[in-house]
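Take the sequence shown: its letters are residues 1 to 162, numbered as in the UniProt record's numbering.
For the record, the hints were derived by calculation from the structure and aren't laboratory data. Source: prediction; values computed, not measured. Don't take every hint at face value.
Said to hold, decoys possible - Subject to a maximum C-alpha distance of 30 Å in a straight line, what follows is the list of computed DSS-like cross-link-like pairs (lysine-lysine): (1) LYS68 x LYS97; (2) LYS99 x LYS79; (3) LYS146 x LYS125; (4) LYS125 x LYS68; (5) LYS125 x LYS137; (6) LYS97 x LYS107; (7) LYS97 x LYS79; (8) LYS99 x LYS137; (9) LYS125 x LYS97; (10) LYS68 x LYS99.
Said to hold, decoys possible - FRET-style restraints, in silico, Cβ to Cβ: (11) GLY56 x MET159: 24 to 32 Å; (12) GLY102 x LEU73: 54 to 62 Å; (13) LYS97 x CYS140: 18 to 26 Å.
We put the CB at the ideal spot given by N, CA and C, even for glycine.
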Amino acid sequence: MNLFSKSPTFIRQLFCTISIQRLETINHHIRFSSQSSKAIDSNKQQSEYRFTLPNGNLSNEQRQFYEKNGFILIRNLVKPESLDHFRKRFQDVCLGKVKVLGMTVMKDVAIAKSEFADGEKAITKIQDFTLDDELFKYCCLPEIVKYVENFTGPNIMAMHTM
1 MNLFSKSPTF IRQLFCTISI QRLETINHHI RFSSQSSKAI DSNKQQSEYR
51 FTLPNGNLSN EQRQFYEKNG FILIRNLVKP ESLDHFRKRF QDVCLGKVKV
101 LGMTVMKDVA IAKSEFADGE KAITKIQDFT LDDELFKYCC LPEIVKYVEN
151 FTGPNIMAMH TM
């Protein structure tokens, strides 16, 4: 006998029971999460900063901006000649001159079919550029790492790039 051959009352009771169990599980997760975060917070110094670390590379003003907006702009961080090198590599990937196994070149179909876009302009992103030794060098630039440490701490790993 399958579930749908049972009476409507039985089915309603079954779904109510399942829903109640699921809500109890979710409630447990929420309670556990808030209790563990309270324990972590009580062990840390009270700070107005949640997403940045006091590494000394960012001013208080920059940290506050990041905390509020979720991004920060550091002008002239990377030398123009380095940017030119990475731009050239990006263009070579976009034009198909360089192929890297496992790296995905994403095109926006609407842009790619447009008469206004060609080459790199049709590319919206390259995923997993950690697989390309040249492009990954950008992530490893000391000037980049110096600032990334303000958000992650010193144990930096690239899990996914685009």
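Now the hints, each set against the structure:
Under the criterion of a C-alpha separation no larger than 30 Å, the hint pairing LYS68 with LYS97 is inconsistent with the structure, at around 41 Å. Distance check on the hinted pair: LYS99 and LYS79 sit about 26 Å apart at the alpha-carbon level, within 30 Å; holds. Note on LYS146 and LYS125: the hinted pairing holds, with a Cα-Cα distance of about 25 Å set against a maximum of 30 Å. For the suggested pair LYS125 and LYS68, the alpha carbons sit about 26 Å apart, so the restraint of at most 30 Å is met.
Taking the CA atoms of LYS125 and LYS137, the gap is about 17 Å. The hint holds against a cut of 30 Å. Among the hinted pairs, LYS97 with LYS107 is consistent with the structure: their alpha-carbon atoms are about 16 Å apart, no more than 30 Å. Pair hint LYS97 plus LYS79 holds up; C-alpha atoms about 25 Å apart against a cutoff of 30 Å. For the hint linking LYS99 to LYS137, the alpha-carbon distance of about 17 Å falls within 30 Å, and the restraint holds.
Between LYS125 and LYS97 the alpha-carbon distance is near 17 Å, which keeps this suggested pair within the 30 Å criterion. With a C-alpha separation of about 39 Å, the suggested pair LYS68 and LYS99 falls outside the 30 Å cut-off, and the hint is violated. For GLY56 paired with MET159, a C-beta distance near 26 Å keeps the hint of 24 to 32 Å intact. Judged by the Cβ atoms, the range 54 to 62 Å given for GLY102 and LEU73 is violated: they are separated by roughly 31 Å.
The supplied range of 18 to 26 Å is met by LYS97 and CYS140, whose beta-carbon atoms lie about 23 Å from each other.
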